[in-house]
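**Student:** Chains B and C: place on chain A using the hints.
If you want the building blocks of each chain, they are given just below.
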Amino acid sequence: MFKAKVKAEVIKEVINVVSTLVDEVKLKITKDKVTLKAVDPAHVAMVDLELKSSAFDEYSATDCELGLDIDKLKDVLKVSKPGDVVSLTHDDGKNMLIVQLQNITRKMSLVDTAGMTDPKVPNLNLPVKVVIKTSELLQGIKSAESISDHVALVASPTEFEMICEGDTDSMSLRLPKDMLDSLEAGSTVRSLFSLEYFGNMIKSIGSTEKVLLKLASDYPVMMEYNIANNEGHVKYLLAPRIENE
Amino acid sequence: MFKAKVKAEVIKEVINVVSTLVDEVKLKITKDKVTLKAVDPAHVAMVDLELKSSAFDEYSATDCELGLDIDKLKDVLKVSKPGDVVSLTHDDGKNMLIVQLQNITRKMSLVDTAGMTDPKVPNLNLPVKVVIKTSELLQGIKSAESISDHVALVASPTEFEMICEGDTDSMSLRLPKDMLDSLEAGSTVRSLFSLEYFGNMIKSIGSTEKVLLKLASDYPVMMEYNIANNEGHVKYLLAPRIENE
Amino acid sequence: MFKAKVKAEVIKEVINVVSTLVDEVKLKITKDKVTLKAVDPAHVAMVDLELKSSAFDEYSATDCELGLDIDKLKDVLKVSKPGDVVSLTHDDGKNMLIVQLQNITRKMSLVDTAGMTDPKVPNLNLPVKVVIKTSELLQGIKSAESISDHVALVASPTEFEMICEGDTDSMSLRLPKDMLDSLEAGSTVRSLFSLEYFGNMIKSIGSTEKVLLKLASDYPVMMEYNIANNEGHVKYLLAPRIENE
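Read top to bottom, the protein sequences are chains A, B and C. The first sequence: position 23 = 23 (our numbering), numbered continuously. Remember, our numbering sits 1000 above the position in the second sequence when you count from 1. Remember, our numbering sits 2000 above the position in the third sequence when you count from 1.
Treat the hints as calculated values from the structure; they're not laboratory data. Be a bit skeptical, because a hint or two may be false.
List time: in silico SDA-like cross-link candidates among lysine to any residue, alpha-carbon distance up to 25 angstroms [stated by the list, open to error]:
#  : chain 1 : residue 1 : chain 2 : residue 2
1  : B       : 1005      : C       : 2135
2  : C       : 2078      : A       : 138
3  : A       : 81        : B       : 1148
4  : A       : 81        : B       : 1005
5  : C       : 2107      : A       : 158
6  : A       : 12        : B       : 1138
7  : A       : 133       : C       : 2080
8  : C       : 2007      : A       : 138
9  : A       : 78        : B       : 1154
10 : C       : 2012      : A       : 158
11 : B       : 1078      : C       : 2107
12 : C       : 2133      : B       : 1008
13 : A       : 107       : B       : 1134
14 : A       : 94        : B       : 1163
15 : C       : 2012      : A       : 138
16 : B       : 1081      : C       : 2174
17 : A       : 7         : B       : 1136
18 : B       : 1003      : C       : 2210
19 : C       : 2081      : A       : 131
20 : B       : 1078      : C       : 2199
21 : B       : 1081      : C       : 2080
22 : B       : 1081      : C       : 2210
23 : A       : 78        : B       : 1145
The following block holds chain A by itself, in its conformation from the complex (with noise of 0.2 angstroms):
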């Protein structure tokens, strides 16, 4: 049983952070929360969302799996307003999530959840933690797209670099320790990323203004943010590229 109000803003949120991935998702609903977990077709990037029960208006709950199509999901709410609640129930029966929004209601038939695998979020030691500004992450990835397709990051114990280098231009941004929320790093470190996964990563974070990265030498990078006036939480996972050299 599922039944739940929301703000149409949390459920944008939600779908900027899983449509770069994938196009259907399995929602994980306990009556504490709703939780997913969804890995690109390339396996090169993953999320791991989490809302309590209090980022909903109303909530009501009791275990079950909704197999979502992320786009029907788009489709509902792009006559959404600011402000504007949303109404969900499921119809268990029909296996039909049913939304209410304004004076529409839209009936909408699930995905079956049988054949959806469930990602294991990899245990991973990164050391390195950045508090960064999402806007400094944009610029960089808008001034990277022209050069490369591939993005190193380093962190250092004094500042954070982005470095694109093309075959003959390069360009980076640099961070020194006081343009940066927080540093911690013991030693420096740097990993290689796909300039595209990286900047879906970032473009997917909507408006929130700062997120935390997690680094290691090759490693994946993983950045974590809340969401959801922070009744919710997102970790995205990026693998490393193999460096050349």
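**Tutor:** Quick look at chains B and C alone, frame taken from chain A:
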């Protein structure tokens, strides 16, 4: 003879309506008013529009007919700014329309009206009348677009409903009587329409806030509203689709 | 040697002008100023641009030439915000331009200037001078676009006119002397130009409000205006088309 001045916005309202149906239209001009009737090539929709001479800033005319290329008129107005007044003069000898806007004079060749038919507006008995916000209808159409290519309009003594049913999903926009500006319905009526045509009809309204819909079961819908600061009137008729049951 | 700081807006003004004609351009740098000359591949239009050292926030240079790829410079500036100052440094050894903007450093390879020609600005006698609002010229071009692919500029002692004549339709933008900022014309002159080139010339102006046009009959038109807060100057020359009569 035809010589007039009119606000650019009024011409834009007329273009909005007519351009959803036809590329060329015949204006019938008399000393009191300008009228036009247009039917789309598939004969599914018809518009019947009237502009009183009082809709114009200046107006001086004797009986004549002007064959207008809608795109050309649209093109002239693309440089117009809010508040602009357009001067229109028919050059009878050359069958040209001389359009003046700001410091620009455009001489536009007219279409020969000899081959243009005079559609007749059918006399229909549509007893159910609903006055409804344009914005509500627009939200309903946007929500319906991904679900199916037809939409049912249903009116009962207590509510108005727009229903769209696809193979797996469905949506409905439901407006109880207290959310309508007025509702006159002796019994429940229902007709099915092409969503594309109905959508174009609603989108052609422009900035008019409320429209009157007249309905009967499996009958055309007639939409009526005023334009040109209530000195003009539009009737838009849309044929129903046969419902497969 | 070249090392300077300049407002991003000034570089954008330069890019606007030059990018309508060429993809690559040679900057001639001296201790007092930066100049460039560019001719489009069809040899129909030429631009001659000068930026005094006072157009820069900081400026330090000895004689040198820089071969610039316009698109790359445009790309660097796409993350700029109003008020941003850009730092430019020529790395002579590697023939790179180092561009710094916000926290981003971009190293840009330069084009070899050996193969780039030095266009000569012809010495023309253009006795008629009109100072005219850019916005009027833009409105005229927009109105002309659907009518023909060439436009006549006509100036007489009493007015300036832009005329565009198609097979069936025509348009004219007519500005009597009192609607111009100034008009010096001993007699009536008329020249015909490619609408595409003339349109690109006008669109390249950016936010400059007024421009000086210099005309003679069947001669090129010269357009002049200041940029960079009057510390820079643009001359744009456009060859006429032969009028078929």
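**Student:** Hey, residue 2012(C) versus residue 138(A), does the alpha-carbon distance stay inside 25 angstroms?
**Tutor:** Between residue 2012(C) and residue 138(A) the Cα gap is close to 21 angstroms, so the pair holds against 25 angstroms.
**Student:** Hinted pair, alpha-carbon criterion (25 angstroms max): residue 1005(B), residue 2135(C). Please report holds or violated.
**Tutor:** The given pair, whose Cα atoms are some 24 angstroms apart, holds under the 25 angstroms limit.
**Student:** Take a quick look at whether residue 2078(C) and residue 138(A) sit within 25 angstroms of each other, Cα to Cα.
**Tutor:** holds (12 angstroms)
**Student:** Measure nothing beyond the straight line between the CA atoms of residue 78(A) and residue 1154(B); if it is 25 angstroms or shorter, mark the hint as holding.
**Tutor:** With a Cα-Cα distance of about 24 angstroms, the restraint between residue 78(A) and residue 1154(B) holds, given a limit of 25 angstroms.
**Student:** Within 25 angstroms, alpha carbon to alpha carbon, are residue 1078(B) and residue 2199(C)?
**Tutor:** Distance of about 16 angstroms is within 25 angstroms: holds.
**Student:** Quick one, are residue 78(A) and residue 1145(B) close enough, alpha carbons at most 25 angstroms?
**Tutor:** Within the cut-off at roughly 11 angstroms; holds.
**Student:** CA of residue 2081(C) to CA of residue 131(A), is that 25 angstroms or under?
**Tutor:** holds (23 angstroms)
**Student:** Holds or violated: residue 1003(B) and residue 2210(C), Cα atoms, limit 25 angstroms.
**Tutor:** violated (35 angstroms)
**Student:** Residue 2107(C) and residue 158(A): Cα distance at most 25 angstroms?
**Tutor:** This hinted pair holds, its Cα atoms lying about 23 angstroms apart.
**Student:** Sort out whether residue 138(A) lies within 25 angstroms of residue 2007(C), counting only the CA atoms.
**Tutor:** holds (22 angstroms)
**Student:** CA of residue 7(A) to CA of residue 1136(B), is that 25 angstroms or under?
**Tutor:** holds (20 angstroms)
**Student:** Residue 1081(B) and residue 2174(C): Cα distance at most 25 angstroms?
**Tutor:** Holds, at about 18 angstroms.
Against the hints set out earlier in the document, violations occur for numbers 4, 10, 11, 18 and 21.
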